[in-house]
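Protein chains: 2
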Amino acid sequence: AMAGWGWARAVRGLLLDVSGVLYDSGADGGVPIAGSAEAVRRIKASGLKLQLCTNETQATRENFVRKLRAMGFDVSVAEVTAPAPAACRLLKERGLRPHLLVHDDLVPEFAEIDKTNPNCVVLGDAAENFTYANLNEAFQLLIGMEKPVLISLGKGRYYKETDGLKLDVGAYMKALEYACDVQAEVVGKPAKRFFESALAELGVPPEQAIMIGDDIENDVGGAQQCGMRALQVRTGKYRPSDENHPEVKPDAYVNNLAEAVDIILQQL
Amino acid sequence: AMAGWGWARAVRGLLLDVSGVLYDSGADGGVPIAGSAEAVRRIKASGLKLQLCTNETQATRENFVRKLRAMGFDVSVAEVTAPAPAACRLLKERGLRPHLLVHDDLVPEFAEIDKTNPNCVVLGDAAENFTYANLNEAFQLLIGMEKPVLISLGKGRYYKETDGLKLDVGAYMKALEYACDVQAEVVGKPAKRFFESALAELGVPPEQAIMIGDDIENDVGGAQQCGMRALQVRTGKYRPSDENHPEVKPDAYVNNLAEAVDIILQQL
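If you read the protein sequences in the order shown, they are chains A and B.
Start counting the first sequence at 69; every next residue gets the next number (the numbering used here).
Start counting the second sequence at 69; every next residue gets the next number (the numbering used here).
No wet-lab data here; the hints were simulated from the structure.
It should be emphasised that the depicted structure is a prediction, and the values quoted were computed from it without experimental measurement.
Please note: incorrect hints may appear among the correct ones.
[Stated by the list, open to error] Computed Cβ-Cβ distance ranges for the label pairs, DEER-style:
| id | chain 1 | residue 1 | chain 2 | residue 2 | range |
| --- | --- | --- | --- | --- | --- |
| 1 | A | 261 | B | 330 | 37 to 43 Å |
| 2 | B | 213 | A | 321 | 31 to 37 Å |
| 3 | B | 163 | A | 183 | 49 to 55 Å |
| 4 | B | 323 | A | 205 | 29 to 35 Å |
| 5 | A | 161 | B | 106 | 55 to 61 Å |
| 6 | B | 314 | A | 94 | 41 to 47 Å |
For every residue, glycine included, the Cβ atom is placed at its ideal position computed from N, Cα and C.
If we strip away everything but chain A, and leave its shape as in the complex, we get (with noise of 0.2 Å):
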């Protein structure tokens, strides 16, 4: 057993992260990352418990699952953790209506949840649909209301595509905040209540999971927060600075998935 990994002997299941671990996503649809779909094999064989623990907003479970398995990832939607279905239960909870400003395709997501005389705006990775005049139109709402509520599924500063880095949903979720002067709630990672989602839905106490994602600060330090171990993937929006980040330290850095699996696998 490697040196350093003691910790991972009480590991029964895992959280991945999808986009720049499983996947690098891009206008294409996107191209498996070397050893990934491999790796996600091997882990169902070994016994471990495998959840996606994604922020992916540009598309239903139902097309995002079709999406993985046409690249070769043996996974189904009850093991997909995402923000939307999270988001449409606190909608239902609070009895609030959305105005969303989300992708085109994301949109079957909320079919069941009243859109009239909206009273709070539901942001999500909306892509091309960030243009000037929905920007416009969801600020307008918002500052339009007594007591104005954001939801953003998710805060990330950006994410690789083929083509090259994106802004994400956290860059225009942060345009609104400042515009309207109010916090967002988000949904998604790396808020705690969405990573206890996922780890009911893994059946796995914190203390027994580990996550496994490119972003330092929603998946590692959002898991870590929550009790869990995280690594930290040197592929997708990697970037070497990662490594000096002021607050967050993973537990251990892997070039990528397939080896976070080897060295895993080589503890039980």
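For this one, chain A is given, so just place chain B on it according to the hints.
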């Protein structure tokens, strides 16, 4: 003389914000605010000095003044202090070559600036140029710099156009600041250096100048930080909730510029 305005007796010059004070801007070119053109004439007739101190970055000063004159305002280019010329001075001083994310009509202000191989991003109120693609391009340039330099022409939250409130440059500044983990350098109100330039052009020390604006933070707060008195007009982006601002308290409120000029001239 009106009670509580004794301090106005020392006044020798006025700095006026433009949008929301002289006129309300809009895609239709905007409409003058009732009484403001006459108020500008009365200021000049009184012998008080006058300088327009604007964060306007949707046009060159020449075109901006042409528009104001067409609306009946007796103003000249020399009477306008605006962010773009101040930014050009700063770029030259520091040998910075900007990538511009600004309104098309502002680009001529940067005609003499070297824009090859950019080593900073200059952000203005780009309006329709705030597209997903343009924001990603500016972001990618910044994140690729060893030490990202972001220069923002103002940091307003929003402004009022004839068809409603619009997100101002400050919101997009916050988006890029967050994504790149940098702090923008603001050229324009409320930067002290910018007010000092306006006062130098006015030719009056701060204790003999009054700023009149509709923006509680950028006009009123910024001017007061420079040792000026400042009035907030209840036109433009003014909202009743401004009167409960946690930090900034104007020296007085006035319904509009005409009322401000009435009262000030009564003190002389």
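- request: Just tell me: holds or violated, for the beta carbon distance of residue 161 (chain A) and residue 106 (chain B) against 55 to 61 Å?
  value: Holds: the Cβ-Cβ distance is about 56 Å, inside 55 to 61 Å.
task: Could you see if the CB distance from residue 163 (chain B) to residue 183 (chain A) stays within 49 to 55 Å?
output: 52 Å, holds
message: Quick check on a hinted range of 31 to 37 Å for residue 213 (chain B) and residue 321 (chain A), using CB atoms only.
response: 25 Å, violated
Outcome for the supplied range 37 to 43 Å, where the beta carbon pair is residue 261 (chain A) and residue 330 (chain B): This hint is violated: roughly 57 Å between Cβ atoms.
field: Verdict for residue 323 (chain B), residue 205 (chain A) (Cβ pair) under range 29 to 35 Å
entry: Since the Cβ atoms of residue 323 (chain B) and residue 205 (chain A) sit about 30 Å apart, the hinted range of 29 to 35 Å holds.
query: Is the hinted range of 41 to 47 Å satisfied by the C-beta distance from residue 314 (chain B) to residue 94 (chain A)?
result: With Cβ atoms ~45 Å apart, the hint holds.
The structure fails hints 1 and 2 (numbered hints given earlier, in ascending order).
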